[in-house]
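Chains as they are written, first to last, in our numbering: chain C, 1 to 493; chain D, 1 to 579.
It is possible that part of the hints are untrue.
[Said to hold, decoys possible] Restricting the straight-line Cα-Cα distance to at most 20 angstroms, the calculated cross-link-like pairs of lysine to aspartate or glutamate (DMTMM-like) are:
hint	chain 1	residue 1	chain 2	residue 2
1	D	K265	C	E139
2	C	K74	D	D252
3	C	K243	C	D307
In short, the hints are calculated from the structure, not lab data.
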Amino acid sequence: MDSNEKQPLIELRHVSHEYFVSRTENDLVLSDVNLSVSENETVVLLGPSGCGKSTLERIMAGLITPTRGEVYYKGKRLIGVSPGVSMVFQNFALFPWLTVRGNVLLPVGHLPADEQNSRLEKVLQTVGLGAYEYAYPRELSGGMKQRVGIARALVAEPEVLAMDEPFSALDVLTAETLRNEIGRLLADPNHPLRTMVMVTHNIVEAVYFATRIVVMAAGPGRIDVIVPNALPYPRDTDNPEFKKIVEQLHGILTHTSLPDTVPADPHKVVTTKTVDNRRRIAPVSLPYVNPAEVLGLMSLIGDQPEDLFDLAEKFGREFGAVVRIVKAAELLGFVNTPGQDVQITPLGKELAGTSTDGQKRIVREQLLKLKIFELLVRLIRVQEDQCLPSEELLRELQAALPHEKPRPLFRTLLSWGRYAEIISLDQRRHVIRLYEARAGGRGRPPPPPPAVPPAKEPEIPLAVPPVPPAPPTPQEGAKTSPQVIHNGDLPES
Amino acid sequence: MSNLRPTAEVRERPRFWIDVLVLGGFVAIFFSVTQVAAEWRQPLIVQVPIDLALGKLPKYALFSFARGWLAYFVSLLFTLVVASWAYYDTRAHKYILPALDILQSIPVTAFLAPFFLVFMALFPHSNTGLELACILTIFTGQVWNMTFSYYDSLRGIPGDFRMLAKLYNLNWWQRFWRLELPFGAQGLLFNSMVSMAAGWFFLAVCEAPQINGTTQRLPGLGSYIQQATDSNDTRAKIFGMIAMGLIIIVTDRLIWWPLVVWSRKFKLDDFGGSRAPKTTLQLWLSRSAAYSFLCQAGTRARNALLGPAQPWAAETSLLEPGAQPPKRGIAGKLTYTVILGALGALLLWGVWTLIQLLRPVTASDWEEILKDAGFSFLRVIASFLIGTLWTVPVGIWIGLNPKLSSRLQPFIQFAASFPAPLLYPWFVAVIIFLHGTLQTGSVLLILFGTQWYILFNVAGSAAAIPNDIISCSEILHLRGWDRWAKFLIPAILPGLVTGWITAAGGAWNATIVSEIVIIGPKTYSATGLGAYITNASNANDFSKLTAAMIVMAVVVVGVNRLVWKPLQNLANERCRFIT
């Protein structure tokens, strides 16, 4: 990376991007990103969901024009689709009505027929699909389909190959095979492919491919740290150096995802730009996980502290997802996270050992200590009929937590609130009520009022004054929300 | 094992007689085109005498066939242009969709008089004006659902495919052929079939309209049957019906069915590709040398027309640092503004004309119109009730029996496509014979225009009930009322509502031809908005006509917004199987 002083292939300067949500509201997915990609580099964009890594990759390819900032290609300002970038999609994006040949030749239709054929042959050999020229995608397995996707990207002989989570839709074994093949391709000095940009949430994958790993943080999406990786190709995942970088990335990702933990073993982490003062003012949002996931974690975790990465391995889940679950458990006081370790608390042990009803009671008590649930309960109480319309809750969440995505947060809140029998949702009228046990049934008293001390009332101002009720605009909301996003880059959830 | 045997296609050698048939077909098409063209260039005769001789029937059938298809091509063109415009122009789409919704609710006959007057003025000396007016009127009965369907499929194209088109710099023409049309093909085709049937529905009205107090006549099957009814020629009537039936069968077997089979390859799932079985017709044709020559020529022409994807799109440019990005398309913007302005002006002019037209309508006229609308409303509701009562059990029965449904499919399709108004005189005769009146009898006539849509959709959604749910209902021993209320009705509700919505527009349209039926010298009529419209139209009273049309459009749009849309949302939210 020291020899990268020459002109970069792609350069982003002060790139920010917003998605239009409604007239009054935009979703900031990228904020002031500066990044360059030079020849012979493999840049991997790594980060949790919703950090805008896919959007960033598409901006590099010129598929999305950023709302602010500039994209340079070989030192010239890029307007429109980049002439030297090809792309591989997570879900393949093959035309089902075209054969492998038709799909692969799509980008090179302007070349003479001989040239097309020789390129086709070469590229099908490269990805090992020589015998499949006239097969339809439906006849191929997922791995084969992605090979076709890669062949289609390579046939144009791009200067930069952009890959958007290319192995995520494949099963573990197939993904491994394909990874190795791409790795070999990068290591092959005879193959023209030199430069790659890849989006992934898999740390090992990132270290396997990257010469530089760009770790991104969410809300709004931005570059957190850039970790260089000078290991020679082909890389061995068992190499101690390799493992060291994986460890280091774990540290960084844990740190960005669980910012209130102090790393016990401070790796030489490049300083981060993360300044998160909001957390102290606004209610902390719940990570988007289900109650069942946290309960599962509590029953599987032992008494001894366990490493986050080991847990991810043990559960067979993606690292980011496990971090979210642990974060939720920590928020509820069931675990502590000293450094990268996860340590069960006495309350957590109690939770793991008790009955279903007991679990609900503990979760309920813990939830009601959270400001976000306090807000929810109060919002219901101020309604004249004690029925909070869903749309109104969405609006309030948006106002209270402007950097969260309201709908996933809404779903998470509802799933927890309903599990813990704090609230109930009437899907027929789309209103939320406080849960009340049926008389005679096996139930419990209504939620304890002390959970909402009156003194705290003015702490979180309501976005919409509750009386008189906000003008009912559910239809408007319903109309604007399912708007099709034309470029198809749906926000991840 | 069976797929190891060579298919019929491979086994059979090219056959000479198939070539002869194919070439004969081309000669026939060529001959038909010249016939139609000659008809168009005839000097204008407002009321062509219709010869009831059987020998003339093929020619009349040909003319009607040509009109139906020309109208369809206009519809297709309109659909592709307007739906794409609505999709790509984010500013205009807010106005285009509601406008289409309103246009959809205006009865076909409303377009009749303006089209005929304008085009006869434009072509005072030849038949062209009459023909164009007739075709455009049929077009207004066909186009709207196609446009909505294509717009929906444009919206449904997955984002990755759009990105792909951008990445490989497909221009709009290539994007249309490679991306948009394949994705829209299935929906468009299904709606084309429905549209074609809707077009035939008003054939008689479009070919024998009453304009300026006189009955115009264009040579065609509709006017032939009308003439036969007027002169009470039973033989001519029967043969006219048979000709109509033949047109429908030929259209279905030779055009729709191969297209349906072909379009299956555009399914965006694992069934995409070549799995689609070939139809008998295709197997036959594949043995014809002439046909394969034409296919090759077609492929070559397509490749030449499509052109290659360009490595550099016009939109891409690389600028020196510091240079200003070019301001794009002042000319384009100007054209856009001009076109939009022209449309706006046209709209204003239309509104102004409407206001002028409405001035002479007195309060008592409005009162009468509203009262008549109430009567028609009751009839429409009654026909919906009857239609629902019989189609729901029958539709479920058909839908749950795949064998039965494939056997009945062609018959139901035929019944749905056959223009019911041609049969009305006979229905009315039966009603009169049974001492009924058209006041209640026209409910039956409306029913025949609408019930098929409900049946189709109910059968379709019954066929789509997942097998697990059916097994579950059996294990739970759901019987009798419970089986209907808890299982079958909710399961088909989304389909039923869709059927109602499709039928709703048609039902109001049908009142116009159902509330007044003329048989020979006698006129049978009922009190209702449809009869009011027909009377106003015959009396050349454009003011009353316009007022009645507006009321009808308002009722249709209003019911759509207040009843059908919420009902559809509810049904889709609660009763859709998640797969």
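Going through the hints against the structure:
Only pairs whose Cα atoms come within 20 angstroms are accepted, and K265/D paired with E139/C is accepted, the gap being roughly 13 angstroms. For a cut-off of 20 angstroms, the pair hint linking K74/C to D252/D is broken: about 58 angstroms separates their Cα positions. A hinted pair counts as satisfied when its Cα atoms are at most 20 angstroms apart, and K243/C with D307/C qualifies at roughly 15 angstroms.
Of the numbered hints listed earlier, the single one contradicted by the structure is hint 2.
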